[in-house]
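The lines below spell out each chain.
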Amino acid sequence: AQSVTQLDSQVPVFEEAPVELRCNYSSSVSVYLFWYVQYPNQGLQLLLKYLSGSTLVKGINGFEAEFNKSQTSFHLRKPSVHISDTAEYFCAVSRGYNKLIFGAGTRLAVHP
Amino acid sequence: EAGVAQSPRYKIIEKRQSVAFWCNPISGHATLYWYQQILGQGPKLLIQFQNNGVVDDSQLPKDRFSAERLKGVDSTLKIQPAKLEDSAVYLCASSLVGQARAGSPYEQYFGPGTRLTVT
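Here the protein sequences come in this chain order: A and B. As numbered in the working numbering, residues 1 to 112 make up the first sequence, in order. As numbered in the working numbering, residues 113 to 231 make up the second sequence, in order.
Hints may be right or wrong, so weigh each one.
With a Cα cut of at most 27 Å, we get these calculated DSSO-like pairs of lysine-lysine [stated by the list, open to error]:
#  : chain 1 : residue 1 : chain 2 : residue 2
1  : A       : K58       : B       : K195
2  : A       : K69       : B       : K174
3  : B       : K183      : B       : K156
4  : B       : K123      : A       : K49
5  : A       : K58       : B       : K183
6  : B       : K156      : B       : K174
7  : A       : K49       : A       : K99
8  : A       : K99       : A       : K69
9  : B       : K123      : B       : K195
10 : A       : K69       : A       : K58
11 : A       : K69       : B       : K123
12 : A       : K58       : B       : K123
13 : A       : K49       : B       : K183
FYI, nobody ran anything at the bench for these hints, they're computed from the structure.
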């Protein structure tokens with residue numbers, strides 16, 4: 001069975017500082033990996049995905065993530081955050097049969 | 113392109129009452145999903161349809177939850193009777209393809225969700 005662990009439930013950071021949101025997964029088979037963002041009272045929006053190929057994936061809003069197979073990690077990074085990045089971020093895994101398994105989420109709070 | 117539509121956005125009911133949620137996926141999307149997101153947790157799949165057939169309902173509490181997708185387009189999710197622990201956001205999502213093949217990119221598009229409060 002697959003599972004996703006998001007190591008930090010909350011991450012406070014100052015505006016224009018870099019940020020890393022950590023995600024580890026467990027699976028005995030190859031998986032696809034995703035990061036979604038959820039703004040208050042809204043649905044989920046895809047930030048980026050890893051399906052195959054280059055392990056460094058670039059997404060929307062300046063975010064990127066690196067797939068590390070040996071460490072079973074898919075950490076999300078942004079070199080300089082904005083107030084508008086304040087939201088809940090979810091890491092998810094799929095075996096490709098479309099069922100997404102989500103982590104518990106990380107709340108990113110950007111302070112001025 | 114219109115996104116995934118859901119209604120109502122908010123619903124408050126008492127325990128043991130029934131409730132229904134409606135979802136209209138993106139036009140042409142074959143696969144539709146219902147997820148339950150309890151406060152402080154990530155979404156959890158309740159049921160997945162491909163066209164009007166059920167692909168996965170292993171996590172659906174079938175004694176009280178039911179879902180249908182008439183004609184492979186709109187879908188309704190029903191809870192009868194509701195329990196306090198059913199308080200959650202119910203998210204509907206759709207995707208263009210069914211089972212993804214290796215190297216075949218796909219994306220699930222989510223609606224805004226229905227926030228259910230059971231008192």
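So, going through the hints one by one against the coordinates:
Between K58 of chain A and K195 of chain B the alpha-carbon distance is near 42 Å, which puts this suggested pair outside the 27 Å criterion. For a cut-off of 27 Å, the pair hint linking K69 of chain A to K174 of chain B is broken: about 37 Å separates their Cα positions. Restraint check for K183 of chain B and K156 of chain B: the C-alpha separation of about 25 Å stays at or below 27 Å, so the hint holds. Of the supplied pair hints, the one linking K123 of chain B and K49 of chain A is violated, its CA atoms being roughly 33 Å apart against a limit of 27 Å.
Annotation: proposed proximity of K58 of chain A to K183 of chain B is violated, straight-line Cα distance about 38 Å (limit 27 Å). With a C-alpha separation of about 15 Å, the suggested pairing of K156 of chain B with K174 of chain B holds against the 27 Å cut-off. The straight-line distance between the Cα atoms of K49 of chain A and K99 of chain A is roughly 14 Å, inside the 27 Å bound, and the hint therefore holds. This hinted pair checks out: K99 of chain A and K69 of chain A have alpha carbons roughly 21 Å apart, not beyond 27 Å.
Of the supplied pair hints, the one linking K123 of chain B and K195 of chain B holds, its CA atoms being roughly 14 Å apart against a limit of 27 Å. Straight-line distance between C-alpha atoms of K69 of chain A and K58 of chain A comes to about 17 Å, which keeps the hinted pair within the 27 Å bound. Between the alpha carbons of K69 of chain A and K123 of chain B the distance comes to roughly 43 Å, so the proposed pair goes past 27 Å and is violated. This hinted pair does not check out: K58 of chain A and K123 of chain B have alpha carbons roughly 38 Å apart, beyond 27 Å.
Under the criterion of a C-alpha separation no larger than 27 Å, the hint pairing K49 of chain A with K183 of chain B is inconsistent with the structure, at around 31 Å.
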